[in-house]
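K.L.:
Below are the chains, spelled out letter by letter.
Number of protein chains: 2
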Amino acid sequence: MSTGFQFTLLTTDGAARRGEIATPRGRIRTPAFMPVGTVGTVKALYPEQVRDAGADIILGNVYHLMLRPGAERVARLGGLHSFMRWKGPILTDSGGFQVMSLSQIRKITEEGATFQSHLDGSRHLLTPERSIEIQCLLGADIQMQLDECIEHPAEHREAERAMELSLRWAKRSQVAFERLSKPGQALFGIVQGSVYEDLRRRSAEALVAMDLPGYAVGGLAVGEGHEAMLRTLEATLPHLPTVKPRYLMGVGTPEDLIEAVARGVDMFDCVMPTRNGRHGLAFTWDGRINLKNAKHAEDTSPLDPQSTCPAARDYSRAYLHHLVKSGEMLGSMLLSWVNTAFYQDLMAAMRLAIEEGRFASWAEATKARMGRTTS
Amino acid sequence: MSTGFQFTLLTTDGAARRGEIATPRGRIRTPAFMPVGTVGTVKALYPEQVRDAGADIILGNVYHLMLRPGAERVARLGGLHSFMRWKGPILTDSGGFQVMSLSQIRKITEEGATFQSHLDGSRHLLTPERSIEIQCLLGADIQMQLDECIEHPAEHREAERAMELSLRWAKRSQVAFERLSKPGQALFGIVQGSVYEDLRRRSAEALVAMDLPGYAVGGLAVGEGHEAMLRTLEATLPHLPTVKPRYLMGVGTPEDLIEAVARGVDMFDCVMPTRNGRHGLAFTWDGRINLKNAKHAEDTSPLDPQSTCPAARDYSRAYLHHLVKSGEMLGSMLLSWVNTAFYQDLMAAMRLAIEEGRFASWAEATKARMGRTTS
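The listed protein sequences derive, respectively, from chains S and W. Going by my numbering, the letters in the first sequence line up with residues 1 to 375, in that order. Going by my numbering, the letters in the second sequence line up with residues 376 to 750, in that order.
So here's chain S without its partners, still in its complex pose:
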């Protein structure tokens, strides 16, 4: 095992990139999709299922884990990897997004974000330094700077203020990270600036000047729409170095992932596969399938007879329909598994298409097939 964090760009196909990140806990094949393990579990899945689906890395959340069970407790228990039985790399989000989206009351100052827990109303101050401290206590392999996430739409002036605050927090995060982190861990900066191209460019350039090991694009998929997201991505990625991994945070649908990979994104995370699975929706190569739909009630065919995922291959749509309609936990378990495996299969197919220099035609054919059916 290597002891360092190292990104290698193996090949490109147009703007699409095929790479590999070496970490002390194993390699991450990119483009990579990171299943979300919010509260120390990828919901409704055993860790072995996540690994066997093909995931090299999963994501954890500072916001959730600091509130329950607490970062110091996780550290006393041996760190997040041991706690949740995930041997591979873990990336932790800094908490910035959840402070915005989940906490009941929040106040952003130069020092950090003060917020009330969505669980019990208790008050917490999350500073850039404390977020890094928490991520080091958890033992995260890839850590994210604290950023201020704003809602969409936002005025240019407001987006600029938050972007500049996020830059100052990036610098404080870097100082804290250099003090607290272990060899082989990496800190990523987060490009902000809403949908404003000038702000995105300034944010990217300032972060690049800090020479961080990776860069994320934050503040997207917050309601701006698919086209605005892609336009902002196109305005941002050229300002990031080709030799560093690029991570598009909180995205997205299979179509979003294909379009973002086509533009040069290397890493993704999203709750969509598991959340939609819990709500009865399956992602397949033939598009989305809503298992609540009565048309599936007597359909003995599986979701995908060719799948390597037992949940997609061995259970009938009729049975899945019954489980979803009955609110049975097994329905959530099977569909979260189907979707987690599908997202990994999608990434594997993208990686192969890039290696073989046929990404554009693969993407067109795949999007057409996915869009053909709705049910």
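Derived from the structure by calculation, the hints contain no laboratory data. Please note: incorrect hints may appear among the correct ones.
[As the list claims (entries may be wrong)] If you want the footprint, here are the derived chain S segments under chain W, 3+ residues with CB under 8 Å:
hint, stretch
1, 73 to 81
2, 210 to 218
3, 290 to 302
4, 311 to 320
5, 326 to 336
Ideal Cβ positions, reconstructed from N, Cα and C, are used throughout, including at glycine.
Given the structure of chain S, go ahead and fit chain W onto it with the hints provided.
P.N.:
Showing chain W alone in chain S's frame:
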């Protein structure tokens, strides 16, 4: 594979019995505990986990399955085994108990039980004949007669009336079963009579005269208490033939199972392992463990390092505590798995102790160990 239903009493140790039931879908080692798959799923478990835990047979419910997805639908889909992916034998309860415990409004007449669905208030008539028809549509290997279940306590006169109605329903069930069933399927009668020894004896003798392939003891574990349950059992079992399997319905705790096996019971079912698992309670050889308890918050030891069940062996109590406190589905999944495996391990240990002629000493030592700790 045999094509018939055949019970073989292999050995006895005191009143405890070690036997085997041959069915066209495989053998059932007795004493046997049947995990409950109420609505076509043993809650929060994949069918492979139930099988690998050691279960030879599971239970399904006429009441639930007739309401959703419907017996005719299950039949069109190829039967319950194929629908829920359980290859082994299935026993189905007739619906009598659920009509009493779940339906909003019910009326019992000579013809059958009229009730309103707990799901949507729709009206249904369940007759002895319809219950058998449903069980045949589901493809149940062991079918139960419809009985009238009454609440505890009940006057002697009321218990006698319900017991006699259940006997008349047993005879109608037998006629329907002979008309509708397939070779190798079996119909069990249900002894009723509340806690009254004279009624239990009369019920047992009348059912034995019908020469059914197996007999259940119903109407217990409904609030009469452990001692009254055992006393009623002791008053009933001597009136049942030694060459037929005896099934104690809806029981119970590990201690209940040990005491009932000691008195000659061969089969059990209960929602306790999965329901308690969903509520954060684990059954172990060292007694019950309430994972909600704060004392487990930083305990890195597993529930049972010697267990063959990964959920009991590989996950820390601290992590299970966190999952239960956070309401995460994985907590229910792991603890339902732990308990289902423990109940099967308990039955396997009882079978071995009977084979080796040391059941009484095993039972004393096991009860003492289980009772030693509470947490």
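K.L.:
Does each hint fit the structure? Answer for all of them.
P.N.:
The hints, checked one at a time:
1. Only residues whose beta carbon comes within less than 8 Å of a beta carbon in chain W count, and the stretch 73 to 81 of chain S has 4; three or more means the coverage holds.
2. Look at the stretch 210 to 218 of chain S against chain W: 0 of its residues bring a Cβ nearer than 8 Å to a Cβ of that chain, fewer than three, so the hint is violated.
3. Coverage of the stretch 290 to 302 of chain S by chain W holds. Counting CB-CB distances below 8 Å, 3 residues qualify, and the rule asks for three or more.
4. Look at the stretch 311 to 320 of chain S against chain W: 5 of its residues bring a Cβ nearer than 8 Å to a Cβ of that chain, three or more, so the hint holds.
5. Only residues whose beta carbon comes within less than 8 Å of a beta carbon in chain W count, and the stretch 326 to 336 of chain S has 6; three or more means the coverage holds.
Consistency note: the structure conflicts with earlier hint 2 alone.
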